[in-house]
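From first to last, the protein sequence lines stand for chains A and B. The first sequence begins at 0 in numbering that gives the first Met the number 0 and counts up one residue at a time. The second sequence begins at 0 in numbering that gives the first Met the number 0 and counts up one residue at a time.
Any given hint could be a false lead.
[What the hints assert, rightly or not] Derived lysine-lysine pairs resembling DSSO-like cross-links, with alpha carbons at most 30 Å apart:
1. A:K15 x B:K105
2. B:K146 x B:K105
3. B:K88 x A:K15
4. A:K146 x B:K15
5. A:K88 x A:K105
Derived by calculation from the structure, the hints in this document are not laboratory data. Predicted model only: the values in this text are computed from it and were never measured.
Chain residues, written in single-letter form:
Protein chains: 2
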Amino acid sequence: MTIEAMTPSISTDEFKSAFRNHPAGVAVLTAVVGDEHVAMTVSSLFSISAQPPLMGFSVSDLASSARVFNQADSVIIHMVDADSLWLAKLGATSGVTRFEDRRQWKVLPTGERYFTAAPTVVRATVVDRVRAGESTLCVAHAVELVKSDAAADQAEHAPVVYHNRTWHRLGDSSAVAD
Amino acid sequence: MTIEAMTPSISTDEFKSAFRNHPAGVAVLTAVVGDEHVAMTVSSLFSISAQPPLMGFSVSDLASSARVFNQADSVIIHMVDADSLWLAKLGATSGVTRFEDRRQWKVLPTGERYFTAAPTVVRATVVDRVRAGESTLCVAHAVELVKSDAAADQAEHAPVVYHNRTWHRLGDSSAVAD
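Could you build the full structure based on these sequences and the hints that come with them?
Structure, rendered in structure tokens:
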């Protein structure tokens, strides 16, 4: 899909400003191709359908890990919470070694690495890729729920949201009464 | 893209439970085909790229307005805030007439209806559609920023998030200190 150069568009600034009114959940994705392991934080993860269980996310060509994500057969999706916010920050900081601390991650029988601190970890196979501008839209099929250490602790997990360059924590105080 | 019936999957319940740890921003979409105007609330809107300005969202086949959204050339995207939360509820309630109150919406020169209460309203043309399970993934190119009544009031707009069947409002109290 190509956008004609002459098509009128809103400006980049207007677009970014519009999305400042649109918060997003946060997920950290990991993948491996050969022996190259990558991790990145995305605010584009969304549920497509529950039956079959499909998710989507987009990978910008500008991401340092784009080449691996665009070739990997599978991806590990970590939904972060307030306690594992450090993981989202780790995956969002450029130039940082993601897997430096060997205590933070384990290896699945299928070869991918996952971070044990995330309360929800899903293994998904990539079933479709679509080019959109300078990004690739991925459709992934959830095939396995990984039992992370955080999932096993049975605690309440306060979800986090990214909005206007700030992280927010959801809880009773943010809930809107009906 | 077809998912083989024999491919192992996580269950629908597991999938829904996983996304309970993944909050989402809320948008209301409107579209028109012929003289059939539709509106629906989605939690799947995400930014794909700022240059060119592209967004994505998914439309379930189960949505009553799916036929129109899957044929429309353009879509009007409303980012809702705490003050226009009624609009998100309107678009999420089945069997309700969306355009009953004539004071709530206006008509664009291009023919689509938009709700004036949303602080951010973007007109986008659909540039790609991809089937994924029982849904259609749409890629839309932002072509015009619509000046809504709410946008003109220059007030602070508290964004809302949908999480685990509850609406949340973001503000200073939900922000996580760095």
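Okay, the hints, checked on the actual structure:
no.: 1; hint: A:K15 x B:K105; verdict: 25 Å, holds
no.: 2; hint: B:K146 x B:K105; verdict: 11 Å, holds
no.: 3; hint: B:K88 x A:K15; verdict: 25 Å, holds
no.: 4; hint: A:K146 x B:K15; verdict: 16 Å, holds
no.: 5; hint: A:K88 x A:K105; verdict: 19 Å, holds
The structure fails none of the hints (numbered hints given earlier).
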